[in-house]
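Asks: In case you want the letters, here they are:
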Amino acid sequence: MSEKPRKFKGGVHPNDSKALSAHKAIQTAPLYDTYKVIMHQNIGAPPELLVKKGDAVKKGSLLCKASGFVSVPLHAPTSGTVKLIDKVPGPTGVSVPCIVIEADGEDEWGSPFEPMADWRQTDPAELKQRVWDAGVVGMGGAGFPAHVKLSPPEDKPVDKLILNGAECEPYLTADHRLMLEQAEEVVLGAAILARILGLEGAVIGVESNKPDAIQALEKVAGEYNVEVASLPVNYPQGAEKQLIYAITGREVPVGKLPSDVGCVVQNVASAVAVAEAVVKGIPSIERITTVTGKPLNDPGNWKLRIGTPIDEVLKLAGGIKEQPAKLLLGGPMMGIAQSSLDVTVMKNTSGVLLIAKDEVSLYTSEPCIRCGRCVDCCPMQILPATISQAVENNRFDWAERLNVMACIECGSCSYSCPSHRPLNQQFKRAKVEIRAGLRK
Amino acid sequence: MSEETPDIRMPDPSKLMVSNSPHMRDKPTIDKIMLTVVAAMLPACIAAVLFFGLAALKVLVISTVSCILAEEGWNKLMKRPSTWRDGSAILSGILLGMNLNAGSPWWICVLGGLLAMILGKQLYGGLGYNPFNPVLVARVGLLIGFPGIMTTWHKPELGRMVIDGVTAATPLGLAPGETVLQDMILGNVGGCLGETSALALLIGGGILIWKKLIKWEVPLAFIGTVFVITGMMHLVNPEQYHSPFVHILSGGLLLGAFFMATDMVTSPMTHKGAWIFGLGCGLITSLIRLWGSYPEGVSFAILFMNALVPLIDRGTVRKPFGYVAPAKGEA
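First to last, the protein sequences are chains B and A. At position 37 of the first sequence (counting the first as 1) the number is 37 in UniProt numbering, and the numbers step up by one without a gap. At position 258 of the second sequence (counting the first as 1) the number is 258 in UniProt numbering, and the numbers step up by one without a gap.
Errors might be hidden in some of the hints.
[Said to hold, decoys possible] What follows is a list of derived Cβ distance ranges for each label pair:
(1) Gly198(B) to Asn20(A): 22 to 30 Å
(2) Asp12(A) to Pro422(B): 41 to 49 Å
(3) Asp104(B) to Asn20(A): 24 to 32 Å
(4) Ser361(B) to Met10(A): 24 to 32 Å
(5) Leu287(A) to Trp398(B): 31 to 39 Å
[What the hints assert, rightly or not] Lysine-lysine pairs mimicking DSSO-like chemistry, simulated, CA-CA at most 30 Å apart:
(6) Lys319(A) to Lys428(B)
(7) Lys9(B) to Lys155(A)
(8) Lys27(A) to Lys155(A)
The hints are simulated quantities; they were obtained by calculation from the structure and are not laboratory data. For every residue, glycine included, the Cβ atom is placed at its ideal position computed from N, Cα and C.
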C-alpha cells in the first residue's frame, strides 16, 4: 500500500475472542444423509423452483434458477433425491421454503460448468455470467448477489476493487483461515473480479490482528497485481463504507452505493467462490464457517455444504460442555439469535456461535444519562442518543431528520451504552416506520 | 455419519434466548461510571479533611446520607423502585459537600440534599431528565437563602483535626496581592471543601479525562476563557484585578470546570457543543467575578449554560459520515 489506511471516526473494541478458533485449520465436514437447502439465500428476489418431490439430483445441478437480475440460482449440495419441499423456520424466525435432499452417498457431480482455465483471455461478460450462474453471493453476511455488484451503471465508472478480509466481528475466524490457507485462491478470485470490472488490480483489506494471513496474501499478491492493506483493528472495520474510507479515503454519500464513489467491494470468501466457479467450474455449494463459543467442546473452522443442519455442525464441534444462553448465526455484534436447532447453513453463514450463560447479562433499559459514548463510537457519525429520544416519542420525522437512515445497524451504540438502551433495535424500528411512511 | 453418537451433548433449544443484536455489551454501567467519578473526587475529599479537619468529614457524610435518603424518600412517596444504587445520589451528595464550607451546620447539609435531589432532580423525572445540575440548584438555593452561612469560610490548618474552626476569607475576597499561589495550589486557603486544593482537583480531573468520563473540551474551554479574560483585565489594571492564576486556582473554578460543568446529564453531547458550553461558562464566570456583586460566579455560569444545552445540542447536530449538502432548490 502506498498510502496508510485511514482510521474511520468512532468504532468500538469488543473483546475479540478469536483465540478459540483462530489456530484451527479448516476441516472438511463429512457427507450427511440429509441437506435442507433454504431456497431464498440472497438479498433480492427469491429464485424460481425447478425441481419437485421425488426428483433425482446430482451434486451441483440446478435446484432453482434466478428469477430476475437481482436473484441467483441455487445448486444441489450433493447427489440424491428431493425428499420434500416444505417450509422450515428460517434464520429470522419466519418460515421459509426449503428443499430437503436425501443424499445417496455417491456425491456424484452432475453437469458442472466448463472450467475456464484461460480466464485471462475470456470475455469479461462471460466471466460475469459464470459468477451469476454459479450463484455467488456476498458471503460476509449480507448475501447480496455478486454479479449485481459487478454490473455498475454506465454513468458510474468503477476504478477500485476492494476485497473485504477485515473480519472485524468478534469470534469469527473463517475468513482469517481462508486467507491463510487459500491465499492463492483469494488473490486469483480478486484478479478475476478485476478482469470482469476492467481493472488492473485490487486491494485486499485485512485487519492487522491477522498478521499471518496478511503475510500469506502478500506472498502471492504481486503475481496478480493485488495489494494487501493492513487495517486498524476497530469494529466495524468490515462495514462496506468504513472499509472504502480506510482504503481510498472516499466517503460513500448517505443513501448511495459504493459504485457512486467508483468502488466495488466483495468479501474474500466470495472471491474464492468466484475463482472456483471460473477456474474449476464449481457452483457455490459450500462455504467455510466458524463454529465457536465457550460452551462448545471443540471450536473450529469447517468447510460445510450449504444446507447442512446446524445440529450436525454442533456435533462436529464436539457438542457442548454446558447449556448455552444463545445460539447465533453470524458474529456477536450483528448475528441473529436462533430459537431452534432446525436452521441450516446458508451461503452467508459466516459463523455458528454459542454464547455462554455468563456472557450475557440480563438487564433492563435505564434512562439515558447523556454520557455521549454512543455519539463517540458511531461510525456513521449520527447521534444515537438523540435519535433514540425521537423514537421513544414516536417522532419518526424527527429521527429521519437526524439521519437515522444512515445507520448501518452495526450495534456499536448499543454495545457501548452504560444504560443498556436498545438503541440498535429502536433504529431498526425507525427505519421500518420511515420506509412504510414513504410507501404510503 | 448415520450412526447416532449419543454421548455428544447438544443444546436444549427451549432454553435458548432470543434477542436483538448486538449480543455483547461493553462493561461500564451507570453505577460503575458514577462510582469512578466518586473515586476521582477522593483526592479532593482527602485534601479537604486534611486542611479543614473532621468538620469537613462531617459535612461530607451528612450531605451524602441526606442525598441518598432524599432520593429514596421520594421514590417511596411516588411508589417508584429504589434508585440509590445507581450511584448518582452518592455522587451528588459528595459534590454537595464539596460545595459547602466546613463550618456548615448539619441542617444546611440536609436542606441541600433535599433541594438537590427533589427540586434539582426528581421533580424533572429523575436521573437523566434534569436540565440543571442538581448540586448547583441546591448550592444556589442555599446561597440565596442563607448568604451569611454560605460565605463564612473556615480557616484551613493542615493536619489539625478540628470540628470547629476559625473563619477566614476566600482568596477572591482579598485584595489583589494578598494571595499566595503556593497555598492555593496545595490547598492552604479558605473556601468550600472542594475549593481548597487545586492539586487534588487536577488529579481528580486528570482521572476523569483519562477514563474518558468527561469531555476534556469543557474544562479546557472553561478555564482557558477565564484565564484569557481575567488575564487581559489584570494587564490593564493589576491594582484592581487579580492575576489570572489566582482566578484559576481559587474559588470553585477547578471544582466547577472538572466536576460540575462536565456533568453528563446537563452538558452537551457532542464535542463541538462541549467547546461552546465551556466557553460560555468561562465568559459568564469572568463577567460575574470581575464586575458582578458576588466574588464568585462559577455556579451561576454553569446553571445558565445548563439552560442553553438543548439549544446547543440542536445547533451542533453533526453531519453524518458521507453527508452531502442538498442541492439548491431542494427542500
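Asks: Look at each hint and say if it fits the structure.
Replies: Quick rundown of the hints versus the structure:
Remark: the range hint 22 to 30 Å for Gly198(B) to Asn20(A) is contradicted by a beta-carbon distance near 41 Å. Evaluation of the 41 to 49 Å hint for Asp12(A) and Pro422(B) yields a failure: the beta carbon distance comes to about 26 Å. The beta-carbon spacing between Asp104(B) and Asn20(A), approximately 41 Å, falls outside the hinted interval of 24 to 32 Å. As the Cβ distance of Ser361(B) to Met10(A) is approximately 25 Å, the hint placing it in 24 to 32 Å holds.
Separation of Leu287(A) from Trp398(B) is about 35 Å and conforms to the stated range, judged on CB atoms against 31 to 39 Å. Using a Cα cut-off of 30 Å, the hinted pair Lys319(A) and Lys428(B) holds, with the two alpha carbons roughly 20 Å apart. Distance restraint check for Lys9(B) and Lys155(A): the Cα-Cα separation of roughly 50 Å exceeds the 30 Å cut-off, and the hinted pair is therefore not satisfied. Distance restraint check for Lys27(A) and Lys155(A): the Cα-Cα separation of roughly 43 Å exceeds the 30 Å cut-off, and the hinted pair is therefore not satisfied.
Checked against the numbered hints above, the structure breaks hints 1, 2, 3, 7, 8 and satisfies the rest.
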